[in-house]
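Undergrad: Sequence order for the protein chains is E and L. In our numbering, each residue carries its 1-based index in the first sequence increased by 10. In our numbering, each residue carries its 1-based index in the second sequence increased by 1216.
These are calculated hints, taken from the structure and not from any lab test. No residue lacks a Cβ here, since even glycine has one placed at the ideal position from N, Cα and C. Just so you know, not all the hints are guaranteed correct.
[Unchecked claim] FRET-style restraints, in silico, Cβ to Cβ:
| id | chain 1 | residue 1 | chain 2 | residue 2 | range |
| --- | --- | --- | --- | --- | --- |
| 1 | E | Pro72 | L | Pro1660 | 20 to 28 angstroms |
| 2 | L | Leu1496 | E | Ala55 | 27 to 35 angstroms |
| 3 | L | Thr1633 | E | Val105 | 22 to 30 angstroms |
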Amino acid sequence: MAASPESGIVYLIDDEISVRDGLSLLLGSAGFAVTSFASGAEFLAADLDPNPACVLLDLRMPGVDGLAVQAALSKRGSNLPVVFLTAHGKVPEAVEAVQHGALGFLEKPNFDHEALIELIRVGLCRHRQALTEEARKAERLQRIARLTEREREVALHAAAGRANKVIAADLGISERTVEIHRSRAMKKLELRSVADLVRLEADLASV
Amino acid sequence: MSQQPDSPIAPLFVIRDSSLLDNVLELSELLLVALDSDANIRVFNRACERATGFKAADVVGRSIFSTLIPDDEHERVRAVANTLATTGETSAYVNHWLTRDGQRRLIQWRNTAISDASGQVEIIVGTGIDVTDLDQARQREEDRARLNQALLANATEGIVMVDDKGRLLHFNPAAERILGQPAATVLDHPVGEWLPDLDPGFADGHLARQIASRTPGTISCDATLARPDGSRVDTQLIVAAVEYENRQCYLGFLQDISERKRLEHQVRTHLLELAHLDRLRALSDLTTGLAHEIAQPLTAVRSTAQACLTLLRSPDNDRAELEAALTRIVQQTTHAGEIIAQLRAFLQRGEKAEPEVVSVASLVDEVLQLLGHELRTADIKLIRKHCDPPCKLLVNRVQAEQVLANLITNACEAMSTAPGERILEVLGVSGPEGCEIQVADTGPGIAPEHLERIFEPFFSTKPNSLGQGLSICHSIVASHGGRLSAENRPGGGALFRLQLLLANAEGACDGCEP
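The shape of chain E in the complex, shown without the other chains:
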């Protein structure tokens, strides 16, 4: 229970003010920071905090409904986890929500509060991980960006486990030249071992 407010933000979107008030109080008492919105459109238009967050989304709302909010988030490339709340759980809607990556689907009014808190905690944890992974990847791509095109090419071949001789033959350059490109790349990428380079293969290929 001892999560501190810094551990994450819950975005609560529900058109019913009584539900927003009740859930805000509940989640607040469980230690989460809660920001609530009265409609999907209001939420989608808001500037979101860069910290780990989880979305608690009412499925059926006038205007932009829950599924539409989820679709808009995923179109933006957001990796915010979404937990759905609904007063009339219909199987097809639940399936659709989960297929689009919803973390959970809870039915009003008698959902288990512990389960909700646990889901939000999982969501925040995943988002935190996702944010960390995102940050790391951004940093790796930044390093890769320092390479010249030839250096990146040589590094990619090396990451795939090819010997210098094979790389030289493939690229039609001398083995010595391959060695020079490779060592410069290793330095720019701040890597020590071939194993480190192998881990970068996907990133190198994606550029």
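Start from chain E and add chain L according to the hints.
TA: Just chain L now, kept in the frame of chain E:
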């Protein structure tokens, strides 16, 4: 004035101048004809000319049988003429004459024979009156009396006539049947003696004045009357005042409406059952929305209560925060209770079948509250206007709400696939006799070929509908003495007009005062 038996009657004047007599006879309205012993016409006065169209010159000198007597009466007329000639007695007789254009006129005759010195009949003089028109009138009168008799005897309505003392003058077989009284036992008896329920005080003319004050000059009322055998009969009685033989009399038309009442009751029961089924159907349509409506406050209550528990367990809890949270719980629980109460009222199956006085505003508000969720989720803009001045209706509340709910749900459904803005208008318009609630939408409207059939049972344009909703609505409104109609709005969309009687308007009973 009495006459002395043996004093001779003095002649008014003595005709000395035969030309004066000729003139009198010529100008008289009396038909005057004289025949010789061979039945040839000798005298044929102007009145005869007028009655037959023949000129004296056409017929004088010719036999009366070849000119004026129809063939089928020759024998009879000759017999009369012979009797007169042989006995010389004055005779009265009726026969036909043929006119110039072939019509028959009925003439009533007094005939006299004038004999010569030898006692031979020389001339027969007939004076006649054309009674054709009189006879026709008498015939008509007889026909009319026969017709009246047949009407009275065969009418399915009981027909009774009462004089100004309340005494029974006429009592037809249908009245005997309906009231279980043979006419013989009640004729000439005052009505009040054997029908105490029906003695409105004939004597002082009060009833006649009351009838006269009405249009169309009759009083009508429903009455349950007792028969001598103790059974009771539901009747409708219409009373009219008539002058008869110089007295103020009253004609009563009595109809046995027991069967009608029974059918009405059956129809009402049937309608109630249908209405109940329709409410169940509407309810199943509403379930999703209602579940949502109830789930919302419950969710809020549960979350808030859970938060209160958490707050209570923490050492530094804030009393004010707890109190605010508990207050919200109470409010939300009340709200959930209200939704359930509305639902119960909606489902109630005519438990309160009696009409009650309901304000239009409360009717509209309650239905809109029940359907509020549907409106919000369907993105429908609501324009509501209450009638001014506020109207009160005399209706069965549950049924009136049902009709309104049906109309509004239909409007919402109609707009669900329509492009453009969705606007639902629910307007109260007050008029002199009633109130009209208009439900208008911005949907596609009603196809012209459907407008006529829209209130028929089993007519539907929706794939999953039995087509009972509007038909039941129509019956419900009709049973309230109101009117439900549908039309298309000039700017597009459908408009339903629900017209209902005002609570203070004269309605159900057509004036049956004691």
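Undergrad: Quick one: are L:Leu1496 and E:Ala55 within 27 to 35 angstroms, going by C-beta?
TA: 43 angstroms, violated
Undergrad: E:Pro72 and L:Pro1660, beta-carbon distance inside 20 to 28 angstroms?
TA: At 22 angstroms between Cβs, range holds.
Undergrad: Should the hint that L:Thr1633 and E:Val105 are 22 to 30 angstroms apart at their CB atoms be regarded as holding?
TA: Between L:Thr1633 and E:Val105, where Cβ atoms are some 25 angstroms apart, the hint holds.
When held up to the earlier numbered hints, the structure conflicts with hint 2 and nothing else.
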